[in-house]
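Student: Heads up, the sequence shown is in UniProt numbering, so the first residue is 1 and it goes up one at a time.
There may be inaccurate statements among the hints.
Okay, the calculated beta carbon distance ranges per label pair [to be verified]:
hint: 1; residue 1: Gly-339; residue 2: Ala-425; range: 18 to 24 Å
hint: 2; residue 1: Tyr-299; residue 2: Ala-200; range: 30 to 36 Å
hint: 3; residue 1: Glu-23; residue 2: Pro-353; range: 20 to 26 Å
hint: 4; residue 1: Gly-170; residue 2: Pro-320; range: 55 to 61 Å
hint: 5; residue 1: Glu-23; residue 2: Ala-412; range: 40 to 46 Å
hint: 6; residue 1: Ala-425; residue 2: Arg-324; range: 22 to 28 Å
hint: 7; residue 1: Asp-284; residue 2: Pro-239; range: 31 to 37 Å
hint: 8; residue 1: Asp-188; residue 2: Pro-320; range: 49 to 55 Å
hint: 9; residue 1: Arg-153; residue 2: Pro-239; range: 21 to 27 Å
hint: 10; residue 1: Asp-417; residue 2: Val-22; range: 45 to 51 Å
hint: 11; residue 1: Leu-280; residue 2: Ala-419; range: 34 to 40 Å
hint: 12; residue 1: Asp-417; residue 2: Ala-167; range: 38 to 44 Å
Think of the hints as simulated: they come from the structure by calculation, not from any bench. Just so it is clear, CB atoms sit at the ideal spot from N, CA and C, and this is done for glycine as well.
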Amino acid sequence: MSAEALRWRDQARALRGAQRMVEADQAIARARVLAPGDPLIAFLHAQSRYELGHPSADLFGQVCRLWPDNLDALRNRALAEASEGRPKRACDLLAAALERQPGWAEGHRVLAALEWVAGNRAGFDASYARAVAAEPNNPALWLGWFAAVAQLRDWPRAESVLSRAEAALGSSRALTEARLFLATERGDDAAAERLLALTADWPQPFVRIAAIRHALRRGQPERALEIALLLARTDPCSPLAGQVWPYVSTCWRLLDDERAGWLDGAPPFVQDAAVGLTALELTDLADLLRGLHAFQLPYAEQSVRGGTQTDRSVLLRHEPLLQRTREALLAAVGDYVAGLPPPDPTHPLLARPRDRLLIAGSWSVLLGPGGFNVAHSHPRGWISSAFYVSLPGPEAMGPAPAGHFQFGAPPAELGLDLAPYATIAPRAGHLVLFPSTLWHGTVPFEAGERLNLAFDVVPG
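Construct the complete structure from the given sequences, taking the supplied hints into account.
Tutor: As structure tokens, then:
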């Protein structure tokens with residue numbers, strides 16, 4: 001590879017890291033011209049086109065020919081095929097690869113996800129069944145299959161997979177963790193108590209979070225708080241702490257502890273403001289976003305019910321309108337950050353650097369009649385959002401709080417009688433900003449279409 005090609009490749013990487021995506025794409029395209037046979041540059045070029053929303057399946061096909069043992073390139077080719085409206089071809093590519101390499105756990109995960117969003121509710125996980133028949137002693141396959149089913153909360157199916165895994169593999173910590181998850185989430189209290197006692201000295205965060213959720217379900221917020229604070233305070237801004245802080249908030253609220261106000265804000269650190277896009281821009285943005293909703297069902301791990309969610313990071317795409325929208329939204333985030341209280345090194349929102357903002361993920365949610373988002377949080381985010389693009393009229397929405405954004409109420413499956421702090425009526429062109437550690441969701445509405453764009457921000 002020439003020094004000039006290397007320079008353009010490295011410049012592309014630096015620009016991408018700064019989220020200057022169009023400039024990064026131009027730089028990697030220059031490198032591709034200068035080094036047409038370099039497999040890494042070909043991969044980076046295809047990935048850049050994919051992230052920007054350009055057709056890229058053929059480019060990934062070229063990468064697969066240059067770099068035939070790069071399974072990431074094959075996976076991304078399948079994702080590109082699906083995003084370009086060819087989901088069957090995407091699934092066929094992965095299925096053929098998995099026939100050759102049945103132990104490829106990531107391939108099974110992506111294939112199952114694509115089958116699910118395409119509407120194959122009954123057989124989305126069929127490749128796992130074939131693979132464990134070929135490699136019954138491969139724990140990654142069994143655990144991946146269990147995760148694919150368990151995230152749908154299909155407990156009978158998850159029990160079947162886990163029992164077969166235990167028969168094939170014997171006992172292991174990973175399978176015990178899976179058994180603990182199943183027991184706590186489906187409400188098998190006797191099994192949960194036994195497994196929590198067995199794993200009491202295990203350091204795995206997953207075990208500790210299962211213990212927190214079980215204690216809350218049993219009406220023991222003091223016990224849940226004891227576990228949660230140990231995890232949250234070790235590194236307040238870590239992804240693990242991001243998982244735990246919402247439970248800390250819930251415990252403090254249940255215990256009438258004023259520290260809930262310290263964590264979530266008193267009043268909460270929630271802002272609702274107009275962004276400044278025109279009515280025409282909102283109409284055009286709605287048309288653009290609707291075209292990105294290509295699947296029949298949301299991905300199983302998403303919070304959407306009765307609607308769909310886009311793939312990739314919408315605000316990093318190439319369309320000028322999305323770039324204009326991104327600028328307007330980040331300006332509003334800058335105003336929100338400027339209005340926060342002084343830094344506090346122990347606080348997940350207030351401890352972070354504030355001088356540079358990056359998009360950590362962005363997506364559109366399209367809900368139909370009765371649709372909503374279940375209560376959730378964003379462990380890897382810092383500041384989260386909901387930007388309303390198109391909404392039903394008041395009569396179609398239904399009586400308040402139908403269609404509202406709500407924050408502070410924990411997930412329903414915990415069985416807690418804890419109301420949200422408040423709800424906010426959505427308004428087209430308005431952006432709601434809030435800490436990523438705050439439980440949030442939406443209330444079902446009666447009729448029409450509710451279209452928004454959401455994103456997470458992290459410090460640069």
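Student: Are the hints correct? Go through all of them and say.
Tutor: Status of each hint after checking the structure:
1. For Gly-339 paired with Ala-425, a C-beta distance near 22 Å keeps the hint of 18 to 24 Å intact.
2. Between Tyr-299 and Ala-200 the CB atoms are about 34 Å apart, so this pair conforms to the stated range of 30 to 36 Å.
3. Checking the proposed 20 to 26 Å range against Glu-23 and Pro-353 shows it holds: the Cβ atoms sit about 24 Å from each other.
4. At roughly 58 Å, the beta carbons of Gly-170 and Pro-320 sit within the given window of 55 to 61 Å.
5. At roughly 45 Å, the beta-carbon separation of Glu-23 and Ala-412 lies within the given 40 to 46 Å, and the hint holds.
6. Range check, Ala-425 to Arg-324: about 26 Å between beta-carbon atoms, so the 22 to 28 Å window is met.
7. In this structure the supplied range 31 to 37 Å holds for Asp-284 paired with Pro-239, their Cβ-Cβ distance being about 36 Å.
8. Distance hint check for Asp-188 and Pro-320: the Cβ-Cβ separation is about 54 Å, which falls inside the suggested range of 49 to 55 Å.
9. Taking 21 to 27 Å as the suggested C-beta distance range, the pair Arg-153 and Pro-239 conforms, at roughly 23 Å.
10. Our hint of 45 to 51 Å for Asp-417 and Val-22 holds, since their Cβ atoms are close to 50 Å apart.
11. Roughly 39 Å separates the CB atoms of Leu-280 and Ala-419, a value that falls within the hinted 34 to 40 Å.
12. Under the hint 38 to 44 Å, the C-beta atoms of Asp-417 and Ala-167, about 41 Å apart, fit the expected range.
In summary, the structure agrees with every hint in the numbered list given earlier.
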